[in-house]
Amino acid sequence: MALRYEYAVETEDLAKYYVMGPVTVRALDGVSVKIRRSEYLSIMGPSGSGKTTFFNMVGGLDRPTRGKVFIDEVDIASLDAYELAWLRAKKIGYIFQTFNLIPVLTALENVMLPMVFTGVEREERLRRAREMLTRVGLGERLDHKPGELSGGQQQRVAIARALVNDPVIVLADEPTGNLDLHTGLEIINLLKTLNTEKKVTIINATHDLKMIDVSDRIFWLRDGKIERIETRAEVAVKEVE
Amino acid sequence: MSGEEGVKFPLSEAFSFSLESIKRRFGRALITMLSIILGIAFLTFLLTTGRIVSVLYGEGSGVAVQFYQLWMAVIALLICSVGIVNSMLMSVTERYKEIGTMKCLGAMNTHVLEIFLIEALLLGLIGGAIGAVAGWTIATVWQAFTQASSVNIFMVSASLWTEFNINNPLLLLANPLVNIALSVIIALLAALAPAYIAAKLSPTEALRYEV
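Residue numbers (this note's numbering), protein chains in the order written: chain R, 1 to 241; chain W, 1 to 211.
If you're looking for bench data, these hints aren't it; they were derived computationally from the structure. Be a bit skeptical, because a hint or two may be false.
Some chain W residues close to chain R (C-beta under 10 Å, calculated; not the full set) [what the hints assert, rightly or not]:
# : residue
1 : S21
2 : R24
3 : C104
4 : G106
C-beta atoms are modelled at their ideal positions from N, C-alpha and C, and glycine is treated no differently.
Turn these sequences into a full structure, and let the hints guide you.
The structure is reproduced here in structure tokens:
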């Protein structure tokens, strides 16, 4: 029987310092947070506040200088290269500002790629990729290459790719950063719908204020530290005032 | 969790991925291949011509001539390696971002390395084969039409393909098949360093990389 932990992600005194000549940049400086399962979370803050660094640490894409990251109660620093690759392939879905699709592969093949690494049979890969792309509204554009798709469509492919392996968490780094207002809103709503439907934890690093409306909680980050944590209700009250 | 845990990337998947990558970036692959073709064609042309001439005028043209020919071969090899190294370097570095993405999706260092080495192998093999055949053909036809000799130059030239004399480096190198093998080896070696560096990058570093 699969265990269901209450928290999808936990960080303990997470810090990342970059040494640049004589100065040490504290990109992230002691962040301890707990993120519940199926929560829709936004990490907000000005650029340079450490959002992307947090994203990279939690996603197991970079090693912290200090502190720990637990995903499903497993300390990811204790994983070897093989287990880390499995974590990235199966448990985490990534969405980037610049979409990062493989340019030579079609939308369908891009979505199939993560399932190659998790060892899904070819037929099943095709079926699930089709289903997922249809779900994000691209059922008609399966055989288009990223270059033939608009920004919003490319981000939809990226979302389908991130979700196709049924990950525990989806990490999105400025998912609306390269999109216009309207398209950005569509992407936000799509993420929210999938969050509710699939009960997947979604963590956004963003400074798009449209995100607040759908977020369960907002972490405000400043100079590598958590400034405050608010729920959507709290933010709404403040806006009224 | 099932017992199937752990990332997979069988060689067959790596091979089809590399092949598709070459096919769909055909223009780019052609440029890379062109430098291989030219290098190997140049090498094969030089060595084939050398062999034909030494057969026509006798093997005993002296140690100096042999030495001179060997030097030419080494220089040709050098020029062809530089071209191949350069284009391999380009073709790997311009795909750093793709490597970063692959690693986010679960690719391990060895998988990235596999993809690039298979690509290099295919490019080296195809480019080497085209180059060797082209160089050999041009050299043979040229000699056949310019040399007035009773010896059948086509026969001499054709025999080079079956010549495997490990004791005589000039003879061995004059075999176009050996040139194709060299092409594969050089392409692999040239791709190894940049591919290894790329494979070892952390995903964030690879993604940050802009060409």
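* To do: Could you check the structure against the hints above and give me the numbers of any it violates, in ascending order?
  => none
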